[in-house]
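Chemist: Here's the letter readout for the chains.
Protein chains: 2
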Amino acid sequence: MNSVWLNGKIVDESEARLSPFDRGFALADGVFETIRVRHGAPLWLADHFARLRLGADCLGIPVPWDDGAMDVGIASLVSESGHADSAVRVTLTRGPSRRRGLWPPDDHVHPTLFIAVAALSQVTPQRMTVARTTRRNQHSPLSQIKSLNYGDNLLARREAIDRGYTDAVMLNGRGNVACCTVGNLFLQIEGRWVTAPTSEGILPGLARARLIKKLAVAEVIIDEPALKQATAAFVSNSLQCAPIVYLCGRSLPDESNRLDLMSLYSREEM
Amino acid sequence: MNSVWLNGKIVDESEARLSPFDRGFALADGVFETIRVRHGAPLWLADHFARLRLGADCLGIPVPWDDGAMDVGIASLVSESGHADSAVRVTLTRGPSRRRGLWPPDDHVHPTLFIAVAALSQVTPQRMTVARTTRRNQHSPLSQIKSLNYGDNLLARREAIDRGYTDAVMLNGRGNVACCTVGNLFLQIEGRWVTAPTSEGILPGLARARLIKKLAVAEVIIDEPALKQATAAFVSNSLQCAPIVYLCGRSLPDESNRLDLMSLYSREEM
Numbered sequence: 026m027n028s029v030w031l032n033g034k035i036v037d038e039s040e041a042r043l044s045p046f047d048r049g050f051a052l053a054d055g056v057f058e059t060i061r062v063r064h065g066a067p068l069w070l071a072d073h074f075a076r077l078r079l080g081a082d083c084l085g086i087p088v089p090w091d092d093g094a095m096d097v098g099i100a101s102l103v104s105e106s107g108h109a110d111s112a113v114r115v116t117l118t119r120g121p122s123r124r125r126g127l128w129p130p131d132d133h134v135h136p137t138l139f140i141a142v143a144a145l146s147q148v149t150p151q152r153m154t155v156a157r158t159t160r161r162n163q164h165s166p167l168s169q170i171k172s173l174n175y176g177d178n179l180l181a182r183r184e185a186i187d188r189g190y191t192d193a194v195m196l197n198g199r200g201n202v203a204c205c206t207v208g209n210l211f212l213q214i215e216g217r218w219v220t221a222p223t224s225e226g227i228l229p230g231l232a233r234a235r236l237i238k239k240l241a242v243a244e245v246i247i248d249e250p251a252l253k254q255a256t257a258a259f260v261s262n263s264l265q266c267a268p269i270v271y272l273c274g275r276s277l278p279d280e281s282n283r284l285d286l287m288s289l290y291s292r293e294e295m
Numbered sequence: 026m027n028s029v030w031l032n033g034k035i036v037d038e039s040e041a042r043l044s045p046f047d048r049g050f051a052l053a054d055g056v057f058e059t060i061r062v063r064h065g066a067p068l069w070l071a072d073h074f075a076r077l078r079l080g081a082d083c084l085g086i087p088v089p090w091d092d093g094a095m096d097v098g099i100a101s102l103v104s105e106s107g108h109a110d111s112a113v114r115v116t117l118t119r120g121p122s123r124r125r126g127l128w129p130p131d132d133h134v135h136p137t138l139f140i141a142v143a144a145l146s147q148v149t150p151q152r153m154t155v156a157r158t159t160r161r162n163q164h165s166p167l168s169q170i171k172s173l174n175y176g177d178n179l180l181a182r183r184e185a186i187d188r189g190y191t192d193a194v195m196l197n198g199r200g201n202v203a204c205c206t207v208g209n210l211f212l213q214i215e216g217r218w219v220t221a222p223t224s225e226g227i228l229p230g231l232a233r234a235r236l237i238k239k240l241a242v243a244e245v246i247i248d249e250p251a252l253k254q255a256t257a258a259f260v261s262n263s264l265q266c267a268p269i270v271y272l273c274g275r276s277l278p279d280e281s282n283r284l285d286l287m288s289l290y291s292r293e294e295m
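Chain order of the listed sequences is A and B.
Count along the first sequence from 1, add 25, and you get the number used in this note's numbering.
Count along the second sequence from 1, add 25, and you get the number used in this note's numbering.
Bound-form chain A, shown alone (with noise of 0.2 Å):
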């Protein structure tokens, strides 16, 4: 039995079943998050759920259950799961509506909130190329939250594997270098850690944040051919932080343990 948490009810999943007509299936009409479940506890769980609300609040979408009822599902999906370290996705949409068009009126609206457990991937060292099937948006405000619009991220990633890479570096609408298909991308350059601001179409990740802090890593705009001054990389999400042991035809050392990047993942003191 595996068990998900389907608007407010635990249910084993071949129970739980949503409408067709739901807007995240029809129209990618919301928003997600992944947590990361470490020894047993989710972590930075507030900052999740305050970004799931940022996200819901830019697309204009209630979310009629509060953090406890979120966290409590939680929990028990998570003990329920009987894995110790595994991830957690919460997803909300605008929910179902039988009317057609793009803007349902309110009060029409009744979201769907489903949360799931999944076990975890082992850390891939990753192998990088520059994707040159598409690019981010920065001009889109989809670009700085976790929203449903994954079609740009899976293409620069099947581009990816297809050219026998494991994933690959995304360029923004001006040819800089954004963020990687699943996550943020550190670059040692000249000794000093960088990363790309938001404004470069990229998600505010909350892995990146504390990356930020951790390694005094500067926020600047990064140009293409920076990718070949990088002296060591990696990419970080919600879950894990991977090496990058290879990018645009160069080898890169693994800093990972040496960063000691994994003791990011930890229960922070409230």
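Hints in this document: simulated from the structure, not taken from any laboratory.
Do not rely on the hints blindly, as some may be mistaken.
[Claimed, not checked] Short derived list, chain A residues pointing at chain B, Cβ under 8 Å: (1) 50; (2) 51; (3) 109; (4) 177; (5) 179.
[Stated by the list, open to error] Cross-link-like lysine to any residue pairs, in silico, SDA-like; alpha carbons within 20 Å at most: (6) A:238 - A:287; (7) A:34 - B:42; (8) B:34 - A:42.
Glycine included, C-beta positions come from ideal geometry on N, C-alpha and C.
Once you have looked at the hints, place chain B on chain A.
Modeler: For chain B alone, kept in the frame of chain A given last:
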């Protein structure tokens, strides 16, 4: 009873249920088509199916149904619906995947195909502004297929409604005129009809292709100031053409009757 078609079976919509692990719901990993039914007949079916397959191919989603099966499904739903004029939506996704991550192994792919009929809304004269919240991404192949990634269009529509308009003209990353939130934009400037080329980040609409022929429309790059030079304008999609009667602070005449735009929506000889 309202019937829908889900993965080859006609069921009542109350029984049509998707897995919350469907990648259409989780990551906007899919495409759709919206098809006009007029006098009981679905229009432009071969073109709609071809565009659906082109979009699926762009995302690497197999389509395990032939055109005949989809055709029969649509005909059954239309006949049961009792609507002589309606809108059919066909949605294709990569289907459910319990595996986390952007790219599931190919042997885990079981696409979802969902078809539903809805009543057609009346043609409403449009009052347009220019969206400032977000822009089309002309670097993304998704801008030229009918993908589920509708977030930017939702934001632009919401902005328009919040500011007292019915819809918005969307610019692209270069600041040029792209399209409206659910249709292609046509402008009459100095006596000539123009529309943006697909390279500006717009969907190659099926009505658009027919209008280009009918009105000898020129596909040209349109900068934002050109909007103020328009002496007539309308927006088209596969369901209908709507006149634009207000654009960037100026009233415009409704030319739809004179141009006989409705005649576009008729069954074509094979």
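Chemist: Taking the hints in turn, state whether each one holds.
Modeler: Going down the list of hints, with the structure as the test:
A cut of 8 Å between beta carbons decides the hint on residue 50 of chain A: the least distance to chain B is about 4 Å, and the hint holds. Among the interface hints, the one on residue 51 of chain A holds; its C-beta lies about 7 Å from the nearest C-beta in chain B, closer than the 8 Å criterion. Restraint check, residue 109 of chain A versus chain B: the minimum CB separation of about 17 Å is more than 8 Å; hint violated. Interface hint at residue 177 of chain A: satisfied, since its Cβ lies 5 Å from the closest Cβ of chain B, which is below the 8 Å cut-off.
The beta carbon of residue 179 of chain A is positioned within 8 Å of a beta carbon in chain B (closest approach about 6 Å), and the interface hint is therefore held. About 15 Å separates the Cα atoms of residue 238 of chain A and residue 287 of chain A, which keeps this hinted pair within 20 Å; it holds. Of the pairs offered as hints, the one joining residue 34 of chain A and residue 42 of chain B holds, with about 17 Å between alpha carbons and a cut-off of 20 Å not exceeded. At most 20 Å may separate the alpha-carbon atoms for a hinted pair to count; residue 34 of chain B and residue 42 of chain A meet this at roughly 17 Å.
Violated hint: 3 only; the structure is consistent with all others.
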